[in-house]
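Undergrad: So you can see what is in the structure, the chains are spelled out below.
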Amino acid sequence: MIKLIDLYKKFGSHPVLQGLNLEIEDGKTIVIIGRSGCGKSVTLKHIVGLLKCDSGSIEVDGVDITKLVPLELQEIQKRFGFLFQGAALFDSMSVYENVSFGLRTQNIMTHENDIKERVAECLRLVGLEGIENTMPADLSGGMRKRVGLARAIAAKPQYILYDEPTTGIDPIMSDAVNELILDMKQKLQITSIVVTHDMVSAYKIADRIAMMYEGKIVQTGTPVEIKNTDNPIVKQFITGSAKGPITLENRG
Amino acid sequence: MVHKHLPGESIEQKIEESIEEDKFIRFLGHKVVGVADTLGKLTNLFLQILFWIGKKPIDFKNITKQMTEVGVNSLTVTSLTSLSTGMVLALQTGAASKNILNEPLYVGTAVGFAIVKELGPVLTAVVIAGRVGAAITAELGTMKVTEQIDALYTLGANPVKYLVVPRFLSCVLMVPILTIYSSLIGIMGGYFVSVYKLSIPGARYYHDIIDFMKVGDIMHGLIKCVIFGIIIALISCYKGFTTEGGAEGVGKATTQSVVISMVLILVSDTFLTNILQFFRIG
Ligand SMILES: Nc1ncnc2c1ncn2[C@@H]1O[C@H](COP(=O)(O)OP(=O)(O)OP(=O)(O)O)[C@@H](O)[C@H]1O
Ligand SMILES: [Mg+2]
Numbered sequence: 001m002i003k004l005i006d007l008y009k010k011f012g013s014h015p016v017l018q019g020l021n022l023e024i025e026d027g028k029t030i031v032i033i034g035r036s037g038c039g040k041s042v043t044l045k046h047i048v049g050l051l052k053c054d055s056g057s058i059e060v061d062g063v064d065i066t067k068l069v070p071l072e073l074q075e076i077q078k079r080f081g082f083l084f085q086g087a088a089l090f091d092s093m094s095v096y097e098n099v100s101f102g103l104r105t106q107n108i109m110t111h112e113n114d115i116k117e118r119v120a121e122c123l124r125l126v127g128l129e130g131i132e133n134t135m136p137a138d139l140s141g142g143m144r145k146r147v148g149l150a151r152a153i154a155a156k157p158q159y160i161l162y163d164e165p166t167t168g169i170d171p172i173m174s175d176a177v178n179e180l181i182l183d184m185k186q187k188l189q190i191t192s193i194v195v196t197h198d199m200v201s202a203y204k205i206a207d208r209i210a211m212m213y214e215g216k217i218v219q220t221g222t223p224v225e226i227k228n229t230d231n232p233i234v235k236q237f238i239t240g241s242a243k244g245p246i247t248l249e250n251r252g
Numbered sequence: 001m002v003h004k005h006l007p008g009e010s011i012e013q014k015i016e017e018s019i020e021e022d023k024f025i026r027f028l029g030h031k032v033v034g035v036a037d038t039l040g041k042l043t044n045l046f047l048q049i050l051f052w053i054g055k056k057p058i059d060f061k062n063i064t065k066q067m068t069e070v071g072v073n074s075l076t077v078t079s080l081t082s083l084s085t086g087m088v089l090a091l092q093t094g095a096a097s098k099n100i101l102n103e104p105l106y107v108g109t110a111v112g113f114a115i116v117k118e119l120g121p122v123l124t125a126v127v128i129a130g131r132v133g134a135a136i137t138a139e140l141g142t143m144k145v146t147e148q149i150d151a152l153y154t155l156g157a158n159p160v161k162y163l164v165v166p167r168f169l170s171c172v173l174m175v176p177i178l179t180i181y182s183s184l185i186g187i188m189g190g191y192f193v194s195v196y197k198l199s200i201p202g203a204r205y206y207h208d209i210i211d212f213m214k215v216g217d218i219m220h221g222l223i224k225c226v227i228f229g230i231i232i233a234l235i236s237c238y239k240g241f242t243t244e245g246g247a248e249g250v251g252k253a254t255t256q257s258v259v260i261s262m263v264l265i266l267v268s269d270t271f272l273t274n275i276l277q278f279f280r281i282g
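Line order of the protein sequences matches chains A and B.
For what it's worth, the numbering used here labels the leading residue of the first sequence as 1, then goes sequentially.
For what it's worth, the numbering used here labels the leading residue of the second sequence as 1, then goes sequentially.
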């Protein structure tokens, strides 16, 4: 269970989070939507402790991670898998070394054969069999994203955070990624937090959808509730209209 | 600040002036606080390095890789620098003592001491700061702006242990080793000039060095090297970790890293010489 309580965060004088509250139940998939630059990636980074909030608290399984010292935080971080928006592959390492990295550093597997098997399995899940020896620089954008996905799921973490998993990926592969996220929930009871602009994907994978606007969550609900919302902000966003309460000057 | 000035408004002007003064003091304050803040963060990074340095598992593969990068790949450029420095030193001291004493005296002593205690350590460190320090900052900076450092955290690897410790160790070990090597080359350069240009007998050059040089003098040089190695590793890693703003940011951080390391090496050399002399080391 993850609880974000009254989070505030400013970068310089630019406020990004302004009293954000969100609860994420175990074994569920929550999708966060919102305009570009509204602070979705920043929110995800707060959950794993990569960014420190100015005020508020973040509870992971009942522990407030904003109060932890670095070594304690490092233990909690092992429960998370994180797919970065830009994949963030280690470009001095091959795909194999990238995907197996967490397995080694967290001592999940020690036998090279087990590691090999797990890496191959993860790559197969993202539709990239047999590219173990390729370097990240030689991959296309969508392929990099999927290797990042394979790396995030390799250690079978309890929580997986996906920052735009289907952006830059073709529609067929996107759907495979959606299936993968659904599968992880059903087979392994993994809790997922997904940031996406892809409403088709959001409706398909979400148990709950949360809409972020001006540093807060303005509405959360099941996909059906969100589809039939009365909230003008959410309505404008999901229908993708330039007319409405959200104007182009309103940035996060 | 948008402000309307009405004629004869002296109070307003005074306020404006005092705001200007205030700004200046604030500016100074910012600088002082900024420097103190950076020093604090550097100390923090240093303590973190000390904390992680002995923690198992020791990453031999990475350490070897970094040592090769710092050590082996810098051999050519350090050899060239110190060879020509040794030669030029011999030429100059030879010419100077010829002018004064009509004979090139104690050329070996001058070259040997200058190289072992000063030029060997400083030149090697400056070359390493330019070559290796820049590479470290550029690599870590790129990793920072492409979120690879964040990715390390989420995969359970501490960036200080994983990235900084191997680089720190290789700088601290390799700068002294390279200095020993390049000092020998420099002394050899001086030998060639002395023997073939100044017609000093080889044995004489050799004795001019050996008869006066003590273990303390060599320690003097080596202690400096270790400190310079620490400076290079700390500054370049810190600059890499604090890089912001994409490719342009990486470029800026790299330049700053090299300039700061070089200046710190030269400035700290003065202090170090004083301190070491105070403790009668060399
Ligand atoms: N490290 C940082 N330093 C300064 N400002 C930052 C930093 N990270 C994010 N921001 C700012 O915070 C705001 C939110 O950024 P964020 O990356 O969370 O947006 P986002 O909702 O993920 O957008 P997108 O959908 O385009 O990915 C932006 O205005 C950005 O400029
Ligand atoms: Mg984002």
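Keep in mind that the hints were calculated from the coordinates and are not lab data.
Please note that the accuracy of each hint is not assured.
FRET-style restraints, in silico, Cβ to Cβ [unchecked claim]: (1) A:ALA137 <-> B:LEU75: 27 to 37 angstroms; (2) B:PHE51 <-> A:ASN107: 34 to 44 angstroms; (3) A:HIS14 <-> B:PHE278: 43 to 53 angstroms; (4) A:MET93 <-> B:LEU75: 47 to 57 angstroms; (5) B:ASN62 <-> A:GLU75: 57 to 67 angstroms; (6) B:VAL259 <-> A:HIS14: 24 to 34 angstroms.
Where is the CB? At the ideal position from N, CA and C, for every residue including glycine.
Undergrad: When you take the CB atoms of PHE51 (chain B) and ASN107 (chain A), is the distance between them in 34 to 44 angstroms?
TA: violated (20 angstroms)
Undergrad: Evaluate the given range 27 to 37 angstroms for the C-beta pair formed by ALA137 (chain A) and LEU75 (chain B).
TA: holds (28 angstroms)
Undergrad: Given a hint of 24 to 34 angstroms, does the C-beta separation of VAL259 (chain B) and HIS14 (chain A) actually sit inside it?
TA: holds (30 angstroms)
Undergrad: 43 to 53 angstroms was suggested as the range; check whether the CB atoms of HIS14 (chain A) and PHE278 (chain B) agree with it.
TA: holds (51 angstroms)
Undergrad: Within 57 to 67 angstroms or not, the Cβ separation of ASN62 (chain B) and GLU75 (chain A)?
TA: violated (23 angstroms)
Undergrad: Honestly, do MET93 (chain A) and LEU75 (chain B) meet the 47 to 57 angstroms range at C-beta?
TA: violated (27 angstroms)
Hint check: violations occur at hints 2, 4 and 5; the rest are consistent with the structure.
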